[in-house]
Amino acid sequence: MSRQRRTPDLMTPDLFAQPELGEVPEEPENHDALGAADITAPTEAAPMPPQAAAQTAPHTTLQQLQAWRDAGWLRRLDVALAGFVQTLDPAASPALLLSTAWLAHMEGRGHTCLPLAPLVQAPNEVLGWPAAALPELQASVQAVAVDSAEVSRWCDALRASPVVRNPAHQPDLGQPLVLIDDGEQPRLYLRRYWNHEQLVAAQVRARCLLPTGETSSVDTSVDEPLIRRWLDRLFPAPAAANPDSSTAAPPDWQKLACAVAMRGRLSVITGGPGTGKTYTAARLLALLLATSPDPERLRVALAAPTGKAAARLKQAIDTSLIELQSKLGQGDDAAPDLGEFTRRMGPATTLHALLGARPDTRAMRHHAGAPLDVDVLIVDEASMVHLEMMAALLDALPPGARLILLGDKDQLASVEAGAVLGDLCRDAEAGGWSAQTARYALATAGVVLPAAMLAAGAASPLAQQTVMLRESRRFAGPIGQLALAVNRGDAETAHRCLHSGSTGGDRPVMAHEPAKLETLQALALHGRPGAEGGYATYLNRVKARPPVGDVAAHQAWVVQVLKAFDTFRILCAVREGDWGAAGVNRSVVRTLAAAGLLSPSGEWYAGRPVMVTRNDAALGVSNGDIGIALPSAAAGGGLRVWFLDGEVPRSVGVSRLAHVDTAFAMTVHKSQGSEFAHTVMVLPEQAGQVLSRELVYTGITRARTAFTLVSARAGALSAAMSQPTRRASGLGASLRGAAGDAA
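Position 386, counted from 1, in the sequence shown is what UniProt numbering calls 386; the numbers after and before it change by one each time, with no gaps.
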């Protein structure tokens, strides 16, 4: 065992000055933008070749890290953090300095911890560095661990430092690093992410339990007959196609999801596009209203990570509730006034706005000491919610409030660290329901749970509150088949979907691989057979401006332009380069200008589409909002950026919008929460680990009626499908009360 030194009260500041809450985070291909104002690296030695640095002495370990930084394998921030740790522990071991730099590197790629066993056994599989780095990595690890299959010596070296805390054995004295090594999967954390993870795990466990400690599946306070009566009205049984058939109808997963949400303070509803997540949420709200002892005082809030997703959630919920009102009518029980309820509910907001994010601090206005004033909170696009935001949300939620998370577990996780929905839904497809849940499902929803989905042993409380919607009502055709194939990693079926069909190209999905930029420019201009339009459609409407001064005609014109623009979009895997969003935007602008459809003179011009990249409550805009610069209705009026709230346009003067990007092309990450009739997805020649299965799946599922893949090189799609995202996290293990599982 390594010698333990006395641990001082470190109380170090936050080690990462991440983008302020309210800003769009950097895309994964550019992490150097993360600030490190509170980290000061030690004086650097002259750069040296990677192969020249020794591996055994602490002072030469920093030189090794600097050489890796110069080679482009580490960020400046990664090396600076290791240097900061050495200032706290001058006797820091090579294992500690290497682990610190690699931990920072992993955080920059969205991981919340550094899994030590996989790191020691196969370092390059964890870090994802170029093949040229492999000899250096192996030499560094073996110099500490001796045997590459042995991790105990590595953990011993970390335990010996006063800057590392083992929560099972040591008090919290402000140590900046946390080591979990009491299981088969030891892992290292930055203290902030360890604290966030523990808060989320504790809150989730508590919300899946009753005050008595029993699982919510046996909540005797639920009025099961009342819930059954209303669920049968909200989800009337469809007429049987063959009344004489003895085959049991498949479970109504939407009905089950509503029933499950009625018995606990947390429920998770996951499913792919078209499975009806917001449709289900609307009926759940109607059910809560109908069964509430005091419906007039039921406080409901709707939220999403981006403004665009929040607006779509509100629109979908309102539309569904209005349609539902006419279907419910009047029966033995008076139907709730859903129209009045939608007005009382108010608009959906971003999570930043809901929690009260402030520009000068990461602390939220709402927290455990100043909780949100809500009884029910529905959060859509939960796959985009990163660990820090989920911790803040759960901390601010009143103990008795219900939280309903909606999202597609297979979509891209947040750009920032964590994949919370993925961790929560890890076993959603298998069900894992208890016998009590099966009884409850039958009593309240008339749903017979498949025997294969019942837990063989002890059932997880979280599984009892999780329902996966499995029937897509929108993606039954070629787009859905392609998305499913990509999600399975079935490259053969995916290529068959993209390349089979009519020879003229008149089909819902198709691919150009390999392709040239000219192919993309032609698509941007006029679309393709079977998916006509492109950007020429909306720009022709821009040219058809109504007479100056006719306000009503102007507003109708603005709505037409905005809706026409939203029918087509180019999505890119990366931001920089000719095949990235920035380069494609420049190329599209030149193409449209050459066709006489745009007159780009200066930064602002009529027809310029923009995406807001920072929340601004004063202007009423949120990150992710899409608008178009158009002239005002008045004579001589300047350009204003117009946004659409439902059917109502609103505008902001262009001079007041300082944080926007041109939006002919956008990254797949920033497209989450949006849909387009025709989606074109662009894969670059080189994208490294950014090009993943989840990224391709997310891009495909943004398309409603047509999808086109444009790849700079053949084989990019197969390469992406072979790279499923695996974010290192201990949240799943914490939820299960175990120490392991950081894969």
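None of these hints come from the bench; they were simulated from the model.
Cβ coordinates follow ideal geometry from the N, Cα and C atoms, glycine included.
Just so you know, not all the hints are guaranteed correct.
If you anchor each label on the Cβ, the simulated ranges turn out as follows [unchecked claim]:
id : residue 1 : residue 2 : range
1  : E150      : Q689      : 42 to 50 Å
2  : P450      : Q686      : 20 to 28 Å
3  : Q689      : A544      : 42 to 50 Å
4  : Q315      : D360      : 30 to 38 Å
5  : A363      : A131      : 40 to 48 Å
6  : I322      : L173      : 50 to 58 Å
7  : D490      : P450      : 22 to 30 Å
8  : D360      : L226      : 47 to 55 Å
9  : P250      : A456      : 21 to 29 Å
10 : S326      : E471      : 37 to 45 Å
11 : A544      : P130      : 47 to 55 Å
12 : P546      : R362      : 22 to 30 Å
13 : R297      : E471      : 31 to 39 Å
A range of 47 to 55 Å was offered for this pair. Does it hold for the Cβ distance of A544 and P130? holds, 52 Å
For A363 and A131, compare the CB-CB distance with the range 40 to 48 Å and indicate the outcome. holds, 43 Å
Range first: 42 to 50 Å. Now tell me if the beta carbons of E150 and Q689 are that far apart. For E150 and Q689 the Cβ distance comes to about 27 Å; the hint is violated.
Given a hinted range of 20 to 28 Å, is it respected by the beta-carbon distance of P450 and Q686? For Q686 against P450, whose Cβ atoms are near 44 Å apart, the range 20 to 28 Å is violated.
The hint says 42 to 50 Å between Q689 and A544; measuring C-beta to C-beta, is that right? holds, 46 Å
Is it true that D490 and P450 lie within 22 to 30 Å of each other by Cβ? Distance hint for D490, P450 holds at roughly 24 Å.
Just to be sure I understand the hint, the distance between the Cβ atoms of D360 and L226 should be within 47 to 55 Å; is that true here? holds, 48 Å
Between R297 and E471, is the Cβ distance one that fits in 31 to 39 Å? holds, 35 Å
Is the gap between the beta carbons of P250 and A456 within 21 to 29 Å? Because 22 Å falls inside the window, the suggested range holds.
Taking the CB of S326 and the CB of E471, does the distance hold inside 37 to 45 Å? At 24 Å between Cβs, range violated.
Against the range 30 to 38 Å, how does the distance between the Cβ atoms of Q315 and D360 compare: consistent or not? Holds, at about 33 Å.
Is the hinted range of 50 to 58 Å satisfied by the C-beta distance from I322 to L173? holds, 57 Å
Hints 1, 2, 10 and 12 from the earlier list are contradicted by this structure; the remaining hints agree with it.
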